[in-house]
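Trainee: Residue numbers (our numbering), protein chains in the order written: chain B, 1 to 366; chain P, 1001 to 1079.
Hints listed in this document are in silico derivations from the structure and should not be mistaken for laboratory results. From the three backbone atoms N, C-alpha and C, an ideal C-beta is built for every residue, glycine too. Don't take each hint at face value.
[To be verified] Calculated lysine to any residue pairs in the SDA-like style (CA-CA distance at most 20 Å, straight line): (1) B:K263 / P:K1008; (2) B:K24 / P:L1068; (3) B:K81 / B:L51; (4) B:K160 / P:D1031; (5) P:K1008 / B:R6.
[To be verified] Quick list of the computed label-pair ranges, beta carbon to beta carbon: (6) B:K132 / P:N1015: 38 to 44 Å; (7) P:K1059 / B:K81: 34 to 40 Å; (8) P:N1015 / B:R284: 38 to 44 Å; (9) B:E308 / P:V1024: 23 to 29 Å; (10) B:G362 / P:N1015: 21 to 27 Å; (11) B:E307 / P:E1067: 35 to 41 Å; (12) B:R130 / P:E1011: 35 to 41 Å; (13) P:E1056 / B:Y302: 34 to 40 Å.
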Amino acid sequence: MLSEFRDREIAKKILKRIFEEAKKIGKEVRFMDVCGTHEDTITRFGIRALLPKNVKILAGPGCPVCITPVEDIVRMMEILKREKEKMIVTTFGDMYRIPTPKGSFADMKSEGYDVKIVYSIYDSYKIAMRNKERTVVHFSPGFETTTAPTAGMLWEVIEKGVENFKIYSVHRLTPPAVEYLLREGTTLNGLITPGHVSTIIGVRGWEYLTREYKVPQVISGFEPIDVLLSILMLLKMLRDEEIRIENEYTRAVKYKGNEEAQKKIEELFEVVDAKWRALGVIQRSGYSLKDKYGDYEISNLYDIEVEELPDLERGCRCGEVLRGLILPTECPLFGRVCTPRHPVGPCMVSYEGTCQIFYKYGSLYG
Amino acid sequence: MCLAIPGKVVEIRDNLAIVDYGGVRREARIDFIRELKVGDYVIVHTGFAIEKMDEEAAKRSIEAWDELLSSDEPHILED
Ligand code: SF4
């Protein structure tokens, strides 16, 4: 199934059309992706190098682990230090290694604390079921696509009255981050809108950005053909001067999104102002558990002051990478001082981070 | 990161499905998917199916490419 979405001949035809449209437009246009999986497709298949010179692809804040605030990671570590063997912390593999000025979860593990890498919050739940005498906390980053699983799991925890399972929510919403970039002056002529976030929030979750900021969008799938088609669709909209939101990924994204998932998220979480590492506070961009479910949020149960810490090491330009202002190759540390084995900043640690994706696929960026 | 490829449902037990990705099988929660049956394709993210793949829509979009790609105007490249 879906082999057409990787067909070389089709890709060539689309590229030819992209060149035609770009030539008619004449001036430089800048499109942004805001999803690590899109950036992976774009870099892995060398799409930047294939495009006409006047079509630029920027990478935006598509890495939830990269933007998780240092203070939250440190607060979680402080809670674990207090509880010692009475607590197990679970999180995803890349979150585990994210550096802060006070170390990482991986460092805590090597000091003997119980931190486990999981693939799913469901795995954390199973760990909690097997360890009833200990508190299991899932440190839970991610955009809407990951917030939905958290909401689903927590729903079951609440219904069953499970007492030893908690979360630390650092979930974030994606449209407010794009809005923030637009307000801050990142120049964008179109958005390659993240397909899997859109399976949850639907086409309608993004419409206001096009309405209010006049930015064309195409909700895109993740095969190379999907991304190329989306670029072509954006170019056509610009040339026809018809600013719209279109859905290229109709095989997965509905206009209203996944309403079951939305219902669970809305029942459990409220939307609050939230900090993004290296970007600052973005209005109404975070998911926090509602007061009535507040006992399931571990940070509510401890009074721990964490001083404000620097987001990045000196010289790390992750903030500009996340804003789409530079590509990783413009950072002097990239590939020399900073590599996935010895990362300086979060954008090199996460497999969704633009710096790591660029490093991994080496010469293919163009 | 999101798995970009859909997997095929080979077994359903309550709110769990066994999903096959070209030979590799993994379990996925299906809390958010209504009317799922064996043989359907799903997109799974961090262990939860987030949407069912609509094969009809996939076929329709492949058909729509023809239209998008046939409207090319070859003379443009020559000037
Ligand atoms: S290459 Fe390393 S130091 Fe440079 S911006 Fe990326 S993460 Fe920061």
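Trainee: Hint by hint, say whether it matches the structure.
Mentor: Each hint tested on the structure:
Distance restraint check for B:K263 and P:K1008: the Cα-Cα separation of roughly 26 Å exceeds the 20 Å cut-off, and the hinted pair is therefore not satisfied. Simply put, B:K24 and P:L1068 have alpha-carbon atoms about 16 Å apart, close enough for the 20 Å limit, and the pair holds. Restraint check for B:K81 and B:L51: the C-alpha separation of about 51 Å exceeds 20 Å, so the hint is violated. A distance of roughly 15 Å separates the Cα atoms of B:K160 and P:D1031; the hinted pair therefore holds under the 20 Å criterion.
With a C-alpha separation of about 19 Å, the suggested pair P:K1008 and B:R6 falls inside the 20 Å cut-off, and the hint holds. Under the hint 38 to 44 Å, the C-beta atoms of B:K132 and P:N1015, about 22 Å apart, miss the expected range. The hint said 34 to 40 Å for the Cβ distance between P:K1059 and B:K81, and at roughly 55 Å that hint is violated. Between P:N1015 and B:R284, the C-beta spacing of about 31 Å breaks the proposed range 38 to 44 Å.
Judged by the Cβ atoms, the range 23 to 29 Å given for B:E308 and P:V1024 is violated: they are separated by roughly 44 Å. Between B:G362 and P:N1015, the C-beta spacing of about 42 Å breaks the proposed range 21 to 27 Å. Look at B:E307 against P:E1067: about 59 Å separates their beta carbons, and that is not inside 35 to 41 Å. Checking the proposed 35 to 41 Å range against B:R130 and P:E1011 shows it is violated: the Cβ atoms sit about 23 Å from each other.
In this structure, P:E1056 and B:Y302 break the distance hint of 34 to 40 Å, their C-beta atoms being roughly 51 Å apart.
Checked against the numbered hints listed earlier, the structure breaks hints 1, 3, 6, 7, 8, 9, 10, 11, 12 and 13; every other hint is satisfied.
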